[in-house]
Amino acid sequence: MKLEDAKILIGDDSILARKQLKDIISSLGGRNFLDASNGQEVIDIYKEQSPEVVFLDIVMPVKDGNTAIAEIMEFDPKADIVIVSSVGTQSQLKQAIQLGAKDFLQKPLNRRQIESILNNRFEGR
Amino acid sequence: MYSQFFGNYLLSKHIIPADKLISAIENLHTKHIKLGTLAIHAGLMTAAQVDAIVIRQTHEDKRFGELAIEEGYLTREQVNSLLDQQTPDYLLIGQYLVDNGTLTNAQLEDLISSYQAENKISNLEHTNIQKENLQTLIRNLFLITDTELSENLFKYLTLLFNNLIRFIGEDFAPLNPSVCKEYLTSQCSTQIINGEFSMTSYFDMQEDTAIIFASRYVKEKFEEYDEYVQASIEDFLNLHNGLFNVNVSNDDSIELFLNPPVSMENTLISSASNMILLPIMYPFGILNFLIKL
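First to last, the protein sequences are chains A and B. Residues in the first sequence are numbered from 1 upward in steps of one, following UniProt numbering. Residues in the second sequence are numbered from 1 upward in steps of one, following UniProt numbering.
Worth flagging that the hints you see were computed from the coordinates, not collected in a lab. Remember, predicted model here, so these are calculated numbers, not experimental data. From the three backbone atoms N, C-alpha and C, an ideal C-beta is built for every residue, glycine too. A few of these clues could be false.
Unchecked claim - The list that follows gives simulated cross-link-like pairs (lysine-lysine, DSS-like), each with its CA atoms no further than 25 Å apart:
1) Lys78/A - Lys102/A
2) Lys219/B - Lys22/A
3) Lys155/B - Lys20/B
4) Lys221/B - Lys22/A
5) Lys19/A - Lys221/B
6) Lys34/B - Lys20/B
7) Lys102/A - Lys19/A
8) Lys78/A - Lys47/A
9) Lys19/A - Lys2/A
10) Lys20/B - Lys181/B
11) Lys7/A - Lys22/A
12) Lys219/B - Lys19/A
As the list claims (entries may be wrong) - Quick list of the computed label-pair ranges, beta carbon to beta carbon:
13) Ser81/B - Gly29/A: 50 to 56 Å
14) Arg31/A - Asn140/B: 24 to 30 Å
15) His29/B - Met1/A: 28 to 34 Å
16) Ile192/B - Lys2/A: 39 to 45 Å
17) Ser91/A - Leu143/B: 24 to 30 Å
18) Glu220/B - Gly29/A: 19 to 25 Å
19) Arg112/A - Asn162/B: 21 to 27 Å
20) Ala48/B - Gln113/A: 53 to 59 Å
To be verified - Here chain B is said to cover these stretches of chain A; the calculated rule only asks that three of the stretch's residues, wherever they fall, bring their Cβ under 8 Å from a Cβ of chain B:
21) 10-16
22) 50-61
23) 88-98
24) 101-113
Here chain B stands alone, though its shape is the one from the complex (with noise of 0.2 Å):
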């Protein structure tokens, strides 16, 4: 879950384009994690420390790890429990933008430390999904909505971030939620949850963007932009939301109730209260969430 709020951190601080974040999420998967920068994140090691090891590594054909012990750097303990240990897999994106020379070691340690103390995360406790990180995570992202998440919202979110993963892919970045009072959509569909919590949410994209959603969300290859596709959109919002509604009603014994889904196109939604839309950035396109409290 961290990488996408890294991504999401990258791009607010305006460390980096949309453009290299994507490529840097599309190229994930191809990537391992290398020693030094696991050095550098877990504070061992510094910047400098990892490039004067690299550059030693130019022309003595020895590993890494047995440079470092050389040099003083690190134990033989240290390297073992380096490379035991389970890779933050926001570090992924630091060390693809590292070797892509986006960014320098040093600048990429400059960042490992200030999106940890941000988000209260500790070094020790990376390698799992805390829930009070991925709070903060959340909450630090809606801070610029001067919207105070309730504790139900803030469950819908999760859960949603964490259906995005399941049932579309982890290849995104959360982009900079904002309050509108109005909103034009593309292809969209609309479901209302009643009840003691009651909010509608709507689920937005553009066509090209819904063909490569609905292949990725049925696991079927879509050529064009058909009723398929189109109920794609409205079935993945309505087992979303009715996922929430089990989640409330396991946690907490409250009983909501769902709407029917509803397709609209081109259609402009307007609100007296303020709605929070949350864009969310995939390498085939921008899926709007859209939620009126």
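The following block holds chain A by itself, in its conformation from the complex (with noise of 0.2 Å):
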């Protein structure tokens, strides 16, 4: 698949954050893209919109990024979710892996890093 037709689900309670990582996507020629800003609505999105990929913060309001994770992995055992955190602690790496998370990125956010995540995932433009 494409980058520009993939679905991408960007979950992070900063909309800060979200535009950031959401730049740094479009300029590698993502297009689709779903906002969500507790754990909650991220599971809530991907139950609805089935995304691609799923950039997630972990410490978030309402449901924690691991939570999410859980939850989501229980409703979809393919979900391809990327961990996008300031806490990249060995603890909460294990633990999101563990519960599923195919990837996991310290913030603060590093373009090459997205750009290798997405590569490994989609046709360029």
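Fit chain to chain and form the complex, with the hints in mind.
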């Protein structure tokens, strides 16, 4: 699938973090974005829209990222979830991977890391 | 890192007012350190000797080093060694203040030796940020609050200064911290750290300051206080606290937890116990960090 055709869900309570990630992915060719500002919204939007990839923060209100991963994986065991968090401790990483996350990015955002994650999943422009 | 603390030193000793310090900090990048300033700093020449050479330079077209060698103040090896050294950046502030007439070389000489003595900085190790030096600088900064800095709080503050340099810019000076039981916020974000070490952090600033803070942090120009500017305050605090958790986890195998950050505006924060207020002065305004342990 081409990146421009992929539905990309960004779950982060910071409107700034969502914008920064969206800007980077747009510059790489991404077009279809879905936004969620808490863990529950991420789960609800996932179930409704079945995005190709989810970028997910861990520390979020209502439901945190790890709870969202667990519920999404229960709904769709093939879900492709990438954690983007400022709290990249070993135990957070371990927990997220055990729950089913495929990748883990430590904030601040690094364009090259995002590019590499997208290149592994989608065709370029 | 030293220049920020030297700035605080100059303010707390009432050597210069805040506006002069800001102007010195803003102009640092335009300055190159002079050999005379380095020689005073290294203890190889006195201020009077440097002044004498500077006067000679007004009627002789020779470099400072050549004249200092002629006068027998320095050897050629010493000149070369001084020129090869990395410049401790706090010296640039000192030199700027000499160049614009705020200080004399003699006053700078006294200041350098008292600053080094009080903070146990030796001439030999000034080029690198030594952990012990930084520890002393931070502990001395907080002496005024009569607060015992725990190892974790010290780590938190060290990371804060590093993150400010990394994400916002090094042109700041910490103002003297204080303790308070009440604080009225402007535009503020707060976040709780839980676990073996727990604290509530607040990061507060005026709207005008936040606009420039956000522009620097996001590397985009913001013109007005909007939701992205507000989010940048929250984002910086969340990033800083997250990186702190990662460090504590890596260094001490202790897992701390973060609550989501929350924004507040014109809110009175009160606490039964003392809170530590640390103002950070940038040319564009003051960033206030408040820590409730």
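Quick rundown of the hints versus the structure:
Only pairs whose Cα atoms come within 25 Å are accepted, and Lys78/A paired with Lys102/A is accepted, the gap being roughly 10 Å. For the given pair, Lys219/B sits about 15 Å from Lys22/A by alpha-carbon distance, which is consistent with the 25 Å threshold. Pair hint Lys155/B plus Lys20/B does not hold up; C-alpha atoms about 31 Å apart against a cutoff of 25 Å. The straight-line distance between the Cα atoms of Lys221/B and Lys22/A is roughly 18 Å, inside the 25 Å bound, and the hint therefore holds.
Between Lys19/A and Lys221/B, the direct Cα distance comes to roughly 14 Å. Compliance with the 25 Å bound is thereby established for this hinted pair. Restraint check: the Cα-Cα separation between Lys34/B and Lys20/B comes to about 20 Å, which is no more than 25 Å; the hinted pair holds. Only pairs whose Cα atoms come within 25 Å are accepted, and Lys102/A paired with Lys19/A is accepted, the gap being roughly 22 Å. With a C-alpha separation of about 13 Å, the suggested pairing of Lys78/A with Lys47/A holds against the 25 Å cut-off.
About 21 Å separates the Cα atoms of Lys19/A and Lys2/A, which keeps this hinted pair within 25 Å; it holds. Only pairs whose Cα atoms come within 25 Å are accepted, and Lys20/B paired with Lys181/B is rejected, the gap being roughly 31 Å. Proposed proximity of Lys7/A and Lys22/A is supported: the alpha carbons are some 12 Å apart, at most 25 Å. Of the supplied pair hints, the one linking Lys219/B and Lys19/A holds, its CA atoms being roughly 13 Å apart against a limit of 25 Å.
A hinted range of 50 to 56 Å for the beta carbons of Ser81/B and Gly29/A is consistent with their spacing of about 55 Å. Evaluation of the 24 to 30 Å hint for Arg31/A and Asn140/B yields a failure: the beta carbon distance comes to about 54 Å. At roughly 47 Å, the beta-carbon separation of His29/B and Met1/A lies outside the given 28 to 34 Å, and the hint is violated. Under the hint 39 to 45 Å, the C-beta atoms of Ile192/B and Lys2/A, about 43 Å apart, fit the expected range.
A C-beta distance of roughly 36 Å is found between Ser91/A and Leu143/B, which places it outside the suggested range of 24 to 30 Å. Distance hint for Glu220/B and Gly29/A: a CB-CB separation of about 21 Å, consistent with the stated range 19 to 25 Å. Distance hint for Arg112/A and Asn162/B: a CB-CB separation of about 22 Å, consistent with the stated range 21 to 27 Å. Distance hint check: the CB atoms of Ala48/B and Gln113/A are about 57 Å apart, consistent with the given range 53 to 59 Å.
Requiring three or more residues with a Cβ within less than 8 Å of a Cβ of chain B, the coverage given for the segment 10-16 of chain A holds, as 4 such residues are present. Given a C-beta distance limit of less than 8 Å, the hint that chain B covers the segment 50-61 of chain A holds, as 3 residues qualify and 3 suffice. Here's how the segment 88-98 of chain A fares: 4 of its residues keep a CB closer than 8 Å to some CB of chain B, so the rule of at least three is met and the hint holds. Check on the segment 101-113 of chain A: 3 of its residues sit with their Cβ under 8 Å from a Cβ of chain B, so the three-residue criterion for coverage holds.
Comparing the model with each earlier hint shows violations of hints 3, 10, 14, 15, 17; every other hint is respected.
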